[in-house]
Amino acid sequence: QKEVEQDPGPLSVPEGAIVSLNCTYSNSAFQYFMWYRQYSRKGPELLMYTYSSGNKEDGRFTAQVDKSSKYISLFIRDSQPSDSATYLCACNSGGSYIPTFGRGTSLIVHP
Amino acid sequence: DTAVSQTPKYLVTQMGNDKSIKCEQNLGHDTMYWYKQDSKKFLKIMFSYNNKELIINETVPNRFSPKSPDKAHLNLHINSLELGDSAVYFCASSQDLVNYEQYFGPGTRLTVT
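Heads up: the sequence lines are chains A and B, in that order.
Sequential numbering from 56 applies to the first sequence in our numbering.
Sequential numbering from 662 applies to the second sequence in our numbering.
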């Protein structure tokens, strides 16, 4: 079992839909949680960064962490075709320099 | 103004050749990384440097040798290229070792034939 699991998708939604992207992890030492967006043939771009449990909102994006169930989510409201990309979650414990990445979920928002 | 840049963007070469990829960041960060992303999109850390010093060297064949001439640059040299080295290689940087927010370059797509 990989430490961070993500469904690769693709997840296809119509424009304007609310999108829910999810990751599960197995390492209870993880405390830092990140979401990266990667457009085709580009480098990952940091989207959201949260520490421990709770919610964090930034515009149309909300990151949610539930440490009790080892589950992290990214919600995208009013999704746009420009949101079409691969979304990677990443987790880190306090003692490691390097985050552990999920394999990413491919999102397609069609007009 | 590109924060993390890599050259070349594409690299096609034959087995057995030696090649280098260059990376530069203008963010003033102390820490730089090399990642390999395979065809299944998994991002795997290869190396990490902090202030020009090697901090992390994951299980990578010693045909791969990173070099950091200064903290703004981290280059990757690969000897005796093999078919399995074909992947996208990403350079990244972060402010320091304890800041987990990483900024990635555009990637170098290496194809070994």
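If you're looking for bench data, these hints aren't it; they were derived computationally from the structure.
Check each hint, because a few of them may be wrong.
[As the list claims (entries may be wrong)] Only pairs whose alpha carbons sit at most 25 Å apart, straight line, appear in this in silico DSS-like list of lysine-lysine:
| hint | chain 1 | residue 1 | chain 2 | residue 2 |
| --- | --- | --- | --- | --- |
| 1 | B | Lys701 | A | Lys111 |
| 2 | A | Lys125 | B | Lys701 |
| 3 | B | Lys713 | B | Lys683 |
| 4 | B | Lys701 | A | Lys97 |
| 5 | B | Lys728 | A | Lys57 |
| 6 | A | Lys122 | A | Lys57 |
| 7 | B | Lys670 | A | Lys97 |
| 8 | B | Lys705 | A | Lys125 |
| 9 | A | Lys97 | B | Lys697 |
| 10 | B | Lys728 | A | Lys125 |
| 11 | B | Lys702 | A | Lys125 |
| 12 | B | Lys728 | B | Lys713 |
| 13 | A | Lys111 | A | Lys125 |
| 14 | B | Lys670 | A | Lys125 |
| 15 | B | Lys728 | A | Lys111 |
| 16 | B | Lys702 | A | Lys57 |
| 17 | B | Lys670 | B | Lys713 |
| 18 | A | Lys57 | B | Lys713 |
| 19 | A | Lys57 | B | Lys701 |
| 20 | B | Lys701 | B | Lys713 |
| 21 | B | Lys697 | A | Lys57 |
| 22 | B | Lys680 | A | Lys122 |
[To be verified] Stretch-level coverage of chain A by chain B, calculated; a stretch enters the list once three of its residues show a Cβ under 8 Å from a Cβ in chain B:
| hint | segment |
| --- | --- |
| 23 | 73 to 86 |
| 24 | 108 to 122 |
[Unchecked claim] Label pairs and their computed distance ranges (CB to CB):
| hint | chain 1 | residue 1 | chain 2 | residue 2 | range |
| --- | --- | --- | --- | --- | --- |
| 25 | B | Arg724 | A | Tyr126 | 36 to 44 Å |
| 26 | A | Gly64 | B | Val759 | 29 to 37 Å |
| 27 | B | Val759 | A | Lys97 | 20 to 28 Å |
| 28 | A | Glu70 | B | Thr663 | 42 to 50 Å |
| 29 | A | Gly114 | B | Arg724 | 39 to 47 Å |
C-beta: ideal position from N, C-alpha, C; glycine also.
Hints, verified against the model:
1. B:Lys701 x A:Lys111: The given pair, whose Cα atoms are some 29 Å apart, is violated under the 25 Å limit.
2. A:Lys125 x B:Lys701: Status holds; Cα separation ~24 Å.
3. B:Lys713 x B:Lys683: Judged against 25 Å, a Cα distance of about 15 Å means the pair holds.
4. B:Lys701 x A:Lys97: Holds, at about 15 Å.
5. B:Lys728 x A:Lys57: 30 Å, violated
6. A:Lys122 x A:Lys57: 17 Å, holds
7. B:Lys670 x A:Lys97: 10 Å, holds
8. B:Lys705 x A:Lys125: Answer holds: Lys705 of chain B to Lys125 of chain A is near 22 Å, not above 25 Å.
9. A:Lys97 x B:Lys697: 13 Å, holds
10. B:Lys728 x A:Lys125: 37 Å, violated
11. B:Lys702 x A:Lys125: 22 Å, holds
12. B:Lys728 x B:Lys713: With a Cα-Cα distance of about 8 Å, the restraint between Lys728 of chain B and Lys713 of chain B holds, given a limit of 25 Å.
13. A:Lys111 x A:Lys125: 17 Å, holds
14. B:Lys670 x A:Lys125: 37 Å, violated
15. B:Lys728 x A:Lys111: With Cα atoms ~38 Å apart, Lys728 of chain B and Lys111 of chain A exceed 25 Å; violated.
16. B:Lys702 x A:Lys57: 14 Å, holds
17. B:Lys670 x B:Lys713: 24 Å, holds
18. A:Lys57 x B:Lys713: 31 Å, violated
19. A:Lys57 x B:Lys701: Holds. Lys57 of chain A to Lys701 of chain B sits at ~14 Å (cutoff 25 Å).
20. B:Lys701 x B:Lys713: Judged against 25 Å, a Cα distance of about 31 Å means the pair is violated.
21. B:Lys697 x A:Lys57: It holds: about 17 Å lies between the C-alpha atoms, which stays within 25 Å.
22. B:Lys680 x A:Lys122: 43 Å, violated
23. 73 to 86: Our answer is that it is violated, as 0 residues pass the Cβ test (under 8 Å) against chain B, missing three.
24. 108 to 122: violated (count 0)
25. B:Arg724 x A:Tyr126: 36 to 44 Å: Given a distance of about 39 Å, which is inside 36 to 44 Å, the answer is holds.
26. A:Gly64 x B:Val759: 29 to 37 Å: At 33 Å between Cβs, range holds.
27. B:Val759 x A:Lys97: 20 to 28 Å: For Lys97 of chain A against Val759 of chain B, whose Cβ atoms are near 27 Å apart, the range 20 to 28 Å holds.
28. A:Glu70 x B:Thr663: 42 to 50 Å: 30 Å, violated
29. A:Gly114 x B:Arg724: 39 to 47 Å: 44 Å, holds
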